[in-house]
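What follows is the residue order along each chain.
Protein chains: 4
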Amino acid sequence: MLPYELASRESRPENTTINVGDCCFGAGQLVMIAGPCAVEDPDMLADLAVMLRGAGAHVLRGGAYKPRTSPYSYPGLGEDGLKHLARARDASGLPVITEVTDIRDLDTVCKYADILQIGSRNMQNFPLLREVGKTDYPVLLKRGFSATIEEWLLAAEYILAGGNHRVILCERGIRTFENYTRNTFDISAVPAIKHLSHLPVVADPSHGTGRRELVAPVARAAVAAGADGLMIEVHPNPDQALSDGYQSLNPVDFGRLMDELTPLTAALGRHM
Amino acid sequence: MLPYELASRESRPENTTINVGDCCFGAGQLVMIAGPCAVEDPDMLADLAVMLRGAGAHVLRGGAYKPRTSPYSYPGLGEDGLKHLARARDASGLPVITEVTDIRDLDTVCKYADILQIGSRNMQNFPLLREVGKTDYPVLLKRGFSATIEEWLLAAEYILAGGNHRVILCERGIRTFENYTRNTFDISAVPAIKHLSHLPVVADPSHGTGRRELVAPVARAAVAAGADGLMIEVHPNPDQALSDGYQSLNPVDFGRLMDELTPLTAALGRHM
Amino acid sequence: MLPYELASRESRPENTTINVGDCCFGAGQLVMIAGPCAVEDPDMLADLAVMLRGAGAHVLRGGAYKPRTSPYSYPGLGEDGLKHLARARDASGLPVITEVTDIRDLDTVCKYADILQIGSRNMQNFPLLREVGKTDYPVLLKRGFSATIEEWLLAAEYILAGGNHRVILCERGIRTFENYTRNTFDISAVPAIKHLSHLPVVADPSHGTGRRELVAPVARAAVAAGADGLMIEVHPNPDQALSDGYQSLNPVDFGRLMDELTPLTAALGRHM
Amino acid sequence: MLPYELASRESRPENTTINVGDCCFGAGQLVMIAGPCAVEDPDMLADLAVMLRGAGAHVLRGGAYKPRTSPYSYPGLGEDGLKHLARARDASGLPVITEVTDIRDLDTVCKYADILQIGSRNMQNFPLLREVGKTDYPVLLKRGFSATIEEWLLAAEYILAGGNHRVILCERGIRTFENYTRNTFDISAVPAIKHLSHLPVVADPSHGTGRRELVAPVARAAVAAGADGLMIEVHPNPDQALSDGYQSLNPVDFGRLMDELTPLTAALGRHM
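Protein chains in written order, with numbering that gives the first Met the number 0: chain A, 0 to 271; chain B, 0 to 271; chain C, 0 to 271; chain D, 0 to 271.
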């Protein structure tokens, strides 16, 4: 028996497909998740969401609870941030994904979110995994920045074992000796997951590279390797973002990326 | 300003000392923490604790809540395990340290433990750090297996910033390409912490090596490098342990290690 | 001044282009290098070369001198292997690339090779770099398996500083904690090199993944990220290869990869 | 059969001992190798050697051929540097160790050196390993900065297989994600080598830490872990050293380290 029985391709040969709003993960479509690292101003967020929808995005991302390395860094807006996300959803029609970092906030996050995100630092927060496994929300499970592929699938297994089968994996780069990039985006993880598991996998080239100029090429690469979706940090004014601006695209660059992806997905027999 | 203001040696030039039972971390004594990876049978634990006390150990370790990579692995005994620990404390007189993995278990763990342990996987579980920072229990904070020294000190800063100044750091090996050992014990972290911070630092060569035959030499090395204490997995019958037996010493080998450490600490101007 | 002055994009804004046979690195074409890890039987090699040419490959690879981790592993055929490569070139019309591992073999290798390969283990063999820098042969410089991008460009700088400007960089995966793959293919290195340097960069997904089933998706990814070429291990019967068979494609799979790459390169505005 | 047959403890249960001058590696003595990173001024070197001898050092180190990451860095004095080493040997009575980086310089280096050093970057320079394996000089083989313990022992096997059994291994730190230290000194490698092999192993805490203030504690740790010797960079005026000054001790600090090591080795049943 494989250690990750429920997550394994053997246990379920066909792809798991997960519908959110009018998009579907795991069925050939390239699902585009976009938005700022952290939710800041509500008007700005709603305007951005409308713009992203216009450019072809399917899901709005934004952090209300931010896990920060330092206790003195910007922690996010909390429930106010969730309310801003909900307002941006109303304005744009885009479903929203946001991170839950504290098990005690789960009910609150569920009131506002369409997809729950488990961040890299919480990939092995097993009580949190068990709790989201009891909900019926889709869960995007980011790979721990030093997790092996097996450990990542075992983390997914915690959620699946709780009865929640709507798990989306997200490769976001691993920690290595290379310091030119913020992380080393593990492109092989994308086809490896498709080989080992039936779960959809998306790519986050923003955290995976940590450098704005590398986001588009690595995004294209992830699609060519078989990713079911992309998660891209977009900010109306990256240089003034409260978090991670150096890896955020502005809306114009995001539009340019969408233009590149259209022929690429077509050449791969996929669609957007 | 340093990113870890409160943890920095600059902010407090003299060593922080932390008294637990009749031992003291950070004041020249080599504090010996020993016990099984996971609490199993209560009688066995009490007998082992008495034996460890006789061999010179100062603190009893044992896991009641085990963070396990797989949802199907042995999860620990929960509160029953805590009760067994308390009974072993009564039998031996040794204070006990045990891990808290779920913020919801904190009050329960505090009813039984003398020192709270934050495990490697939870080093960046920021809500949990904030909560233990509100208690007045000593906290042993293990280094994340892929955390930099700076990230580790920033995690300590979360606890200190909450008002709890009784933080003990624990080096337990980092994840690298080398796979002969379970982890790569970062010996330099010991003097680096003493240089950068006023907090005491102990070493866990059991997890740091993952190989029984390397535990004693790496334990001696950590002491020679300046560690304030050691945390050693000891099991009455390692080959039948429910968790991590391959890296556990038996009581005889633990006694032999204690015999080696006595002249070593004396040569270093320390005591046990 | 940048540490790698001659290799830097600042010193030469336009791409360096390198012609070999009827293909060109760095000018939009996707150059396909293919062949066995090690040269074995001469007839088999010539037949394979003809087949590869038919499938659209541009350059034949094959090792005559193999750097092997163990002194007891197959070391390659030496000069006989070079002769077999030359014969396969005559039979197929494909120029050949082969590795030089010993400075004393350089003149011999130059008698037969069209492109000199410096392997990963020799990326910082500085005397060898200086010597190939004195030749006028194109040099394919593989990234050391633990070299940073800066160290890699500085290794190229050794060759450029000797007066040889025909350097092709080759990303082949780096060593990390992940052991599902043989190496972690650093996809970000491809656009990073295009950003930092004017030198062409090719990708070796065979060594970069070490798993046959991952070669094609990572090859596609590298092209989408901007690689100027691909280096693919192909063996007529991978399961009987004397070296690295588990990561070699057979000719049928190579043909299938070529079929995938044609629409992909077109969608990217490139050609094969 | 083990992959490293000749290097294995199984093939030779007793320790290999290697005599150089009046010291012996592998027989309980702690052999102290000390000197500057690179040979600079001849008078300074001779004076330093006399001072080191006075402080209790057994072997003088110094680089005449320096493998440098950049082609523009100080390359060493070449044969002139070797001559300065020979003069310092005459002045002090200390045998000398120096690195050979180019197979073509081997005969020249053998004219002056008492121990040949193979540096980290050349640990898998197999032609060079084979050549030093044909000499009867003791060879100090540094671990590659990303080599596993198995690869390191296989590199030693190349030398042993050539008939030269006088191989001394040297742990000098491995490359990891941690960047506070220059490398991560792998303390477990010391007892692992003693367990797996009969060859002596020494430790280089200067390169292993890259920080002057960590050299002494890590040196003590290596001794406590069982190292047969230490290799310490000492420079009369570290802040003006042409190479690696930030990790060099001055003679006063070296003397202080020697004073610390005397009681430590005695407590461990060893001698200096």
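What the hints contain is simulated information worked out from the structure, not anything from laboratory work. Please note that the accuracy of each hint is not assured.
As the list claims (entries may be wrong) - When the alpha-carbon atoms are kept at most 25 Å apart in a straight line, the in silico DMTMM-like pairs for lysine to aspartate or glutamate are as follows:
1. K110(B) - E78(A)
2. K133(B) - D21(A)
3. K110(C) - E78(D)
4. K133(D) - E149(C)
5. K82(C) - D21(C)
6. K133(D) - D21(C)
7. K133(C) - E78(D)
8. K110(C) - E149(C)
9. K133(C) - D252(D)
10. K133(C) - E149(C)
11. K133(D) - D104(C)
12. K133(B) - D89(A)
13. K110(B) - D79(B)
14. K133(A) - D238(B)
As the list claims (entries may be wrong) - Here are some chain D residues the structure puts well away from chain B; computed CB gaps all over 10 Å:
15. E4
16. G92
17. S145
18. T147
19. I148
20. E149
21. T175
22. E177
23. Y179
24. T180
25. P190
26. G207
27. G254
28. A265
Note that the coordinates shown come from a computational prediction; the quantities given were computed from them, not determined experimentally. Note that the Cβ used here is the ideal one computed from N, Cα and C, for glycine as well.
Please verify whether K110(C) and E78(D) have alpha carbons no more than 25 Å apart. Roughly 32 Å separates the two Cα atoms, so the pair is violated.
Given as non-interface: T180(D), partner chain B, CB spacing beyond 10 Å: The assertion about T180(D) is violated, with a minimum of 5 Å to chain B.
Would you mind confirming whether the straight-line C-alpha gap from K82(C) to D21(C) stays at or under 25 Å? The hint holds at about 22 Å.
Is the Cα-Cα distance between K110(B) and E78(A) 25 Å or less? 32 Å, violated
Is the hinted pair K133(C) and D252(D) satisfied, with a Cα-Cα distance of at most 25 Å? 45 Å, violated
Does the alpha-carbon distance linking K133(D) and E149(C) stay inside the 25 Å limit? 36 Å, violated
If I take the minimum Cβ distance from G92(D) to any residue of chain B, is it greater than 10 Å? 29 Å, holds
Is K110(B) close enough to D79(B), meaning Cα to Cα at most 25 Å? 12 Å, holds
Non-interface claim for E4(D) versus chain B (Cβ beyond 10 Å): 18 Å, holds
Hinted pair, alpha-carbon criterion (25 Å max): K133(B), D89(A). Please report holds or violated. 39 Å, violated
Cβ separation check - Y179(D) to all of chain B, threshold 10 Å: Check fails; 5 Å does not lie beyond 10 Å.
Determine whether the non-interface label on G207(D) survives the test: each CB of chain B must be over 10 Å from its CB. 7 Å, violated
Hint check: violations occur at hints 1, 2, 3, 4, 6, 8, 9, 12, 14, 17, 18, 19, 20, 21, 22, 23, 24, 25, 26, 28; the rest are consistent with the structure.
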